[in-house]
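Participant: So you can see what is in the structure, the chains are spelled out below.
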Amino acid sequence: MKYETFGDRLFGAANIVFLTLITFVVIYPLFFVLIASVSDPAAVLNGEVWLYPKGVHFTAYERILKQDEVMNGYWNTIVYTITGTAVNILMTVLAAYPLSLGRFAGRGVITAFMVFTMFFSGGLIPTYLLVKQLGMVDTIWAMIIPGAVSVYNIIIMRTFFQTGIPKEVQEAAHMDGCNDFQLLRKIVLPLSMPIIAVMVLLYSVGHWNSYFSALIYLSDRGMYPLQLFLRELLVQNQTLETIAYFNEDLTKRMMEAEAIKYAAVIVANLPVLLLYPFLQKYFAKGMLVGAIKG
Amino acid sequence: MQQLAEEGKRAIPLKKSRSNRALRRLRQDWRLYVLISPVIVYFIVFHYVPMYGIQIAFKHFIAVEGITGSPWAGFDHFRRFFNSYYFWRLLRNTLGISLYELAVSFPVPIILALMLNELRRELFKRFIQTVTYAPHFLSTVVIVGMMGLFLSPGGGLVNHVLQWFGIAPISFMTEPGWFKSIFVWSGVWQQMGWGSIIYLAALSGVDPQQHEAAIMDGASRMQRVLHVNIPAILPTVVILLILNMGSVMSVGFEKVYLMQNPKNIEASDVISTYVYQTGILGSQYSYAAAISLFNSVINFVLLVGVNAVARRVNETSLW
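Just so you know, the protein sequences line up as chains A and B, in that order.
When you line the first sequence up against the numbering used here, it's residues 1 to 294, in that order.
When you line the second sequence up against the numbering used here, it's residues 1001 to 1319, in that order.
Worth flagging that the hints you see were computed from the coordinates, not collected in a lab.
Treat the numbers as computed from the prediction; the structure is a model and nothing was measured.
All C-beta atoms, glycine included, are put in the ideal place defined by N, C-alpha and C.
A couple of the hints might just be wrong.
[Said to hold, decoys possible] Output of the computed footprint for chain B on chain A, the stretches with three or more beta carbons under 8 Å from beta carbons of chain B:
(1) 20-34
(2) 89-102
(3) 115-124
(4) 203-213
(5) 268-281
[Claimed, not checked] Cross-link-like lysine-lysine pairs, in silico, DSSO-like; alpha carbons within 27 Å at most:
(6) Lys1125(B) to Lys281(A)
(7) Lys1180(B) to Lys1255(B)
(8) Lys132(A) to Lys1255(B)
(9) Lys54(A) to Lys66(A)
(10) Lys167(A) to Lys186(A)
(11) Lys1263(B) to Lys1180(B)
Could you build all of it, start to finish, from the sequences and the hints given here?
Facilitator: Below is the structure:
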């Protein structure tokens, strides 16, 4: 920059230093979990692990992967996430497409009808009693149907349909005798892949991470998602049975339990961590579209 | 085709009533209504039926009679709640955590976005964004689990650092005094990057000519941030502030509940966890619904109120 004064350069430098510091603060805990999960638990507890793992071994991972209950929870989470996200995307498209069309009579009323639920709801108890009455308790439906669509995401997708897809293309197709079903399937959806990728990311992370619906609607341990087992392990400090079985020594057992927690954090987030780099370029762009115009 | 048809209809000087026209549109666009109908059914069943079910708060709920069949109780449950030992503690904790959170978590993403916007190197900027967005994707269970690991008095990372400075280990998770700060600052750690996206979007809409003009007038970078960038994002800030005010009374159940333990309960007992305890675990459906209704009504009133103030002062509002 030509016009930069000394003060401006100082401002720029301070800015860079500060942002670097913030980035470090965010990334270090994540990095630490990773190195702690493969380190000797004793070294971690004594504060000897800082920048690289010490006494590398994968015992903690082995212990988790051998735990049938946790693995079953993993599987349940995968099922809930895939089914749930599919329903979410379907419902979001079904709502967003009609609402994006100017000629759709009643769009104002229907939008208001949906948006109102963002600000006022029946609350926990009536919703719980309803789900119970519908016989969804202890079924996969309790995990999927009550949160089938998010108003916020409908608005983002509607905005994308309005601004991201050329009106001319839609009108031309209409002229050629394309009805709305065909238009949606053959023109709108293929052009909407970036926003659908963003929605898949947002919805699936939501399902992957959710534990509240499971907490209130599921009592059968065989149906528990991963997050409920993580809660027992990480928050309620329940150690895996296998550890108690193999080790009589109490301190060693406790240390291993700590190591397993670090490994559990990694295992639980593995899919998200693996998908993140691929989807990242989509969500920045897709979110911006929705954020500016929504 | 459609346009032609419409023009043809207009050419015939027939007085069509409004309802008639609506009916015609409905027949023409029936496919659109077919598409949206499952979503409308969903909203009626899972959002409006529970709203109708709120009446349980004014009834003595009897399971076999159902919500509508149970006898009325008037304001009994509300009175019982206002007079209960827990009322002030719940209100103090809920409002305390929430206002603390609003004061800290609201401005941080704005500052972060302003700072990121000043970065000249695109690659560096993208790296920081990628890193700061990442914690948003961790589950609450994992976040609270990590807090337990890092803050543990025996062998936690934070206490190791404190020891270097000769400070005795602190049992952060079980001391009521620490609860609010841990809750709020871990939230900042997790959400600041994600929260900054919307402000960055607003900043990207700033006309570069404004900056050029300011440079011509001899404005420093700091002055341009203050007088060009901040005014540019103000409408976005106001909208998000209104939305946040509408949830002042709803401290996120998930995280508080996970962080709660018998030792910090006096600081961590909030309305949403109490509703869960008495309602779902204790099966006192009517009483819990009354508490949660009290909560939502205050939220709703705050939202409407703040929106009205914002519309008058700033000409920016939700509706």
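Participant: Take the hints in turn and mark each one as holding or not.
Facilitator: So, going through the hints one by one against the coordinates:
1. For the region 20-34 of chain A, the stated coverage by chain B is satisfied: 9 residues place a CB nearer than 8 Å to a CB of that chain, which reaches the threshold of 3.
2. Proximity of the region 89-102 of chain A to chain B, defined as three or more residues with a beta carbon under 8 Å from a beta carbon of that chain, is established by the 7 residues found.
3. For the region 115-124 of chain A, the stated coverage by chain B holds: 7 residues have a C-beta nearer than 8 Å to a C-beta of that chain, and at least 3 were required.
4. Using a Cβ-Cβ cut-off of 8 Å, 6 residues of the region 203-213 of chain A lie near chain B, which meets the minimum of three, so the contact claim holds.
5. For the region 268-281 of chain A, the stated coverage by chain B holds: 5 residues have a C-beta nearer than 8 Å to a C-beta of that chain, and at least 3 were required.
6. A C-alpha spacing of about 14 Å is found between Lys1125(B) and Lys281(A), which places the hinted pair at or below 27 Å, so the restraint holds.
7. The straight-line distance between the Cα atoms of Lys1180(B) and Lys1255(B) is roughly 12 Å, inside the 27 Å bound, and the hint therefore holds.
8. Distance check on the hinted pair: Lys132(A) and Lys1255(B) sit about 25 Å apart at the alpha-carbon level, within 27 Å; holds.
9. Only pairs whose Cα atoms come within 27 Å are accepted, and Lys54(A) paired with Lys66(A) is accepted, the gap being roughly 24 Å.
10. Between Lys167(A) and Lys186(A), the direct Cα distance comes to roughly 15 Å. Compliance with the 27 Å bound is thereby established for this hinted pair.
11. Note on Lys1263(B) and Lys1180(B): the hinted pairing holds, with a Cα-Cα distance of about 14 Å set against a maximum of 27 Å.
Checked against the numbered hints listed earlier, the structure breaks none of them; every hint is satisfied.
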